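4 protein chains.
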Amino acid sequence: MKNTFGQSLAVTVFGESHGEMIGTVIDGIAPGIPVDTENIKRRLALRRPSGKISTSRREEDEFSIVSGVYQGYTTGTPVCILIPNKNTKSSDYSELADKPRPGHADYTATCKYHGFQDPRGGGHFSGRITAPIVAAAALIEPALRARGIFVATHISSLYGISDREFSDYTLDASILSEKTFPVLSQESEERMRSAIESAAEEGDSVGGILESVIYGLPSGLGDPYFDSLESTISHAVFSVPGIKGVEFGSGFGFASLKGSAANDAIMTDGERIYTSTNHNGGINGGISNGMPVILRAAVKPTPSIFKQQNTVSLEKMENTTLTISGRHDPAIIHRARAVIDATLILAVADALTVRYGTDYLGVNDNNN
Amino acid sequence: MKNTFGQSLAVTVFGESHGEMIGTVIDGIAPGIPVDTENIKRRLALRRPSGKISTSRREEDEFSIVSGVYQGYTTGTPVCILIPNKNTKSSDYSELADKPRPGHADYTATCKYHGFQDPRGGGHFSGRITAPIVAAAALIEPALRARGIFVATHISSLYGISDREFSDYTLDASILSEKTFPVLSQESEERMRSAIESAAEEGDSVGGILESVIYGLPSGLGDPYFDSLESTISHAVFSVPGIKGVEFGSGFGFASLKGSAANDAIMTDGERIYTSTNHNGGINGGISNGMPVILRAAVKPTPSIFKQQNTVSLEKMENTTLTISGRHDPAIIHRARAVIDATLILAVADALTVRYGTDYLGVNDNNN
Amino acid sequence: MKNTFGQSLAVTVFGESHGEMIGTVIDGIAPGIPVDTENIKRRLALRRPSGKISTSRREEDEFSIVSGVYQGYTTGTPVCILIPNKNTKSSDYSELADKPRPGHADYTATCKYHGFQDPRGGGHFSGRITAPIVAAAALIEPALRARGIFVATHISSLYGISDREFSDYTLDASILSEKTFPVLSQESEERMRSAIESAAEEGDSVGGILESVIYGLPSGLGDPYFDSLESTISHAVFSVPGIKGVEFGSGFGFASLKGSAANDAIMTDGERIYTSTNHNGGINGGISNGMPVILRAAVKPTPSIFKQQNTVSLEKMENTTLTISGRHDPAIIHRARAVIDATLILAVADALTVRYGTDYLGVNDNNN
Amino acid sequence: MKNTFGQSLAVTVFGESHGEMIGTVIDGIAPGIPVDTENIKRRLALRRPSGKISTSRREEDEFSIVSGVYQGYTTGTPVCILIPNKNTKSSDYSELADKPRPGHADYTATCKYHGFQDPRGGGHFSGRITAPIVAAAALIEPALRARGIFVATHISSLYGISDREFSDYTLDASILSEKTFPVLSQESEERMRSAIESAAEEGDSVGGILESVIYGLPSGLGDPYFDSLESTISHAVFSVPGIKGVEFGSGFGFASLKGSAANDAIMTDGERIYTSTNHNGGINGGISNGMPVILRAAVKPTPSIFKQQNTVSLEKMENTTLTISGRHDPAIIHRARAVIDATLILAVADALTVRYGTDYLGVNDNNN
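Chains as they are written, first to last, in the numbering used here: chain A, 23 to 390; chain B, 23 to 390; chain C, 23 to 390; chain D, 23 to 390.
Simulated from the structure, these hints should not be mistaken for lab results. Since we're looking at a predicted model, the values are computed, not measured. Be aware that one or more of the hints could be misleading.
Note that the list lumps identical chains together, so a pair holds whenever it fits in one copy or between two copies.
[To be verified] Capping the alpha-carbon separation at 20 Å, the derived lysine to aspartate or glutamate pairs in DMTMM-like fashion look like this: (1) 201 with 60; (2) 329 with 82; (3) 338 with 291; (4) 201 with 190; (5) 201 with 82; (6) 338 with 293; (7) 201 with 211; (8) 329 with 224; (9) 329 with 120; (10) 329 with 117; (11) 63 with 84; (12) 338 with 117; (13) 201 with 187; (14) 329 with 223; (15) 329 with 226.
Next up, chain A with everything else stripped away, as it sits in the complex (with noise of 0.2 Å):
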């Protein structure tokens, strides 16, 4: 549905990079769900540039939450939550009507839309809209947690560089909790930031994987066709600006393996059943298993870049050139980690209402 994720728990975005108000609204969002206000602001800021690896505007992202939501727990009915825009400086793009940056949607906007659209700051298709995603994942984030599930989403990969990989998944996620660069190893994280500054210093933008897990999953979600939770789960992972790519588990390392490495192994405690190895990353035929699940998602290199560009001038129809001024960001990889575990939250939590029913994730499910 266009603009809008999710079968039972529906979330949906609207808004514009210089527009006067970006936002979302949550329909089918249980009722009972303790608002932590704070887990949302703690979400945006990891969303938020800063530091000399991201663009010079500064977002606040004050946010409000103007419906559903009522004595401090969602009420059952939709919430809305909106973010005003403040900081914009519109007459940086002025040129961008007419010519197209490479890499980036102004060209496929037009297409669509006709030149209606708003070009200001690349209005719809800015990252900027990816704040209200992360405020609404924020919002039902504790009520996963009160099932035991969560996400964690590190950096594993950026320009060559590799992040040590996952090992303790509860520890791991409460360290890159607390980090706006998400990297797991210290000196990794040293030496990705340099290569992004470095980018920088040329005028130039880098790229990278993104690792996630969602953890404490319980096996039995999703369906044979179409509805794999693979197709669920990227479904959202790619409505991300700048995701090329998805795999889960060994993924494209499968290409190299044989059926009796790649295959894992059933096994039991005699209490519960989990497998030895994780090659297919918690997800069988489509269906959980009860194992973490574990995806990669490539980032591509930021497109704005400040060196000159070949495009076109779509009044005259004939080939120019393009010199990004503006503000922007060297990578965005550490930042679309908020948002990737955003659309892992929107994921996982559709997923479950589907099967279990509006009221699972509300505190005053009959389960708890």
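Chains B, C and D: place on chain A using the hints.
Just chains B, C and D now, with coordinates in the frame of chain A:
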């Protein structure tokens, strides 16, 4: 919607491997599409096992279209295609109800369906259920071709052996349409076939990577959030059994590119707009840009191997071993090609129908 | 979704009156529902024509369940039910492609399908296509009964002749379940039958009003906007051919009531909450209140009459006349009863599944 | 989808009567629709209380469009319209959390939301939440008018007093668009107003019937099962608080007609096709036939009356009485007119968009 894909042109699949029939219902299809049963046969044949690199189960895939077609054309009402199951040997599967096969959906099916699922031949999880998906797409395919749109897929990599890259999409598509083992380079094909045969001899299996092109797609398809074209295509592709990764354009390769190398310069010849490279795989900001859409899907090795494996007796809740017998494929990647092509057709046909309306794919549309 | 009803438990119908088969796919159904084929036969029999108040076409409605059922229980995967068409006489309909029958869908089908529709026997618009809806609902019905929920419908009025009102819902439902002509008062039944026969003698037809109860529905089902329980139930009921009005509780009678007479006083016996009257038909603010849901549906007279009628030759674009021959019903209201019951079952089953999750209707649900 | 209506052009509402803001998000709207804020103001004014036949709460309905509009046109991205709540008196409602008001949603809200709902002023169930629906539709309305489509609604009956029938739809629509009390006959209006005033004096309330026309709708809209045009329109209309019946054309009057009187003869003047009568209300077989769509909706008397009523103390689970104070409407039917018009606009705009694609309602569509 569980076993349905598509918001406007919706395809539903049903059936079990050893049930009476499997099939599909196509709803929202335009009236006036000429029905090419030869194309359905041809596409089904590409999915069928053949030769020593496949299971010895021989499925005839005789299909009948029992509704929605009149005098050779789609009527606009739902098309139901039925495929009877004939060559079924259910005795092979008796042990599996208790001992789930590693890498298969046996255990997750039990989690989801509480043991009520049909275990014979993998039931609803059998790769056989992809035949109706192929049939549905093959019925729609001529309508896309009439609009200048086609899809083609080759095995770009199998157990470390690479095919040559696409060069001329139209020519390569024509080559691939004739081949049950879809590889562009003759030499690569031989090496891949022999890798499969050698895995088969060991009782093992191999996986690989399928690379696809969607050619001729108009610009302007897809939505920024959450129905990006990557989202809806990956949603469809990840529903194919065994797919564990999907990437567009440079995909995971973006992680080691700088923005200046990753951006596709925008060009014009005065008449149309194109990009000099296609790192973005034909999609920017979730919306098609008119360039060929390029994607790759990771196919895991067939989990049905003949080596002894560790698993669990669900009844006794204790560790045990399992040796699978029966008829199985040492590789499914060449057969999966037909299914990937099919899901791409479904994803594109739906995106076109959402944007241009329900009559768009019919021959009597005003634009024709 | 066009030919599909339901957001979580979704039923799709397909087929044409004189096609090879008609049928339905039920997706999202809980695993573990015992399949009662006798109930499906019984429900189909209630929809079938019989006696001199019906068409002389005799349909056997032999059905087969080809997927989604194993060892007598639903598996949780899609259930496909097929009903072959046997007694078809296509020669009766040759003139109708050019001359649309007044009151029928012939002309609107041409508008929508541009002439590609199957005209034989009304094609997809034939009342015959309601047989799969009845079959789908009859398969689900025992799961509702296991939860204490049932539906029942009688002809409350036919060409000005009224039945007695519901008195004891359980008893009346039991009476109605045995009757092919569902009227509670013996005297009313005789007068209604004779009104139909006399219309038939004149080559004419009659309509009436069906009144239904949904009994045992838990409170809390439905949504304020836009999926009020009235919205989703009426959505299902208005898809039955010939239905032109739906009202709940006092319905149009509210127009001459004052609020003091219309409000239902809320009462308790210390254990449960109920209302002293039921003007609101079991629904307040779009949400069930635990009282029986009461609704009435207006059924228009069968448009197939044998009198000469004015119509148009579409080919010549000129006025002409038409006299319909063939086999037709002078009244369909008694047969429509089975279809209304079916749509109520579908609407309620979906609402329950959305609220309580996909396992709710299965026998293995934890609440059982 | 709960608080969302529409499959392609989807409108979501949010908010509570005494919350900070109420609003709507319109997703899937065509780019290039000129935004007429005066029309939104005018439509909102028609819904607002006024004079002594309404509540004394005075809502200003100042709205702001915070996204999806740029330089006076829709951009094609989601439009969010916000309406702040200003004139709220929450102290009036303190007793109601324990004692549900008869005829209201207080009790069902508790059943659904387990007591977490916002009880102030009816919360999400307040008629006030219809203001965003009116605003959303008013934004879309000019796009329908540009296609020659309009809607109009009058009070055809109030507490037994009838208005004259529609005669000239265009003229009558123009008359009604000016009137806050939408009655065509001056004499009927006076009698209706005095019936309302006299009910108000008694502390009571009255209901009635709204009759609507959708004029200029192209033929071919709607689907046979389950998205008949009656289904989707009634789905929208029944979501309006207080609506308990919907009928199309002769509706419940069909119950006393014979087929020969009920069928609408099909005619041509050589250029277009029409019917001599319009008993079917512009819809056959679930699909529009090009004639005006005629429907009537039953509006129950406002449940907020000032007489003492029987209810229950939910806390003590014992019978008690309740006398409502505060500000309330003795009739809402005249205000409901604006909401019915709005739901018709939403239903029609979505049906058109599903059929003709997402650009259809934009001014830059090729057909314009």
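To test your reading of the hints: which numbers does this structure violate?
2
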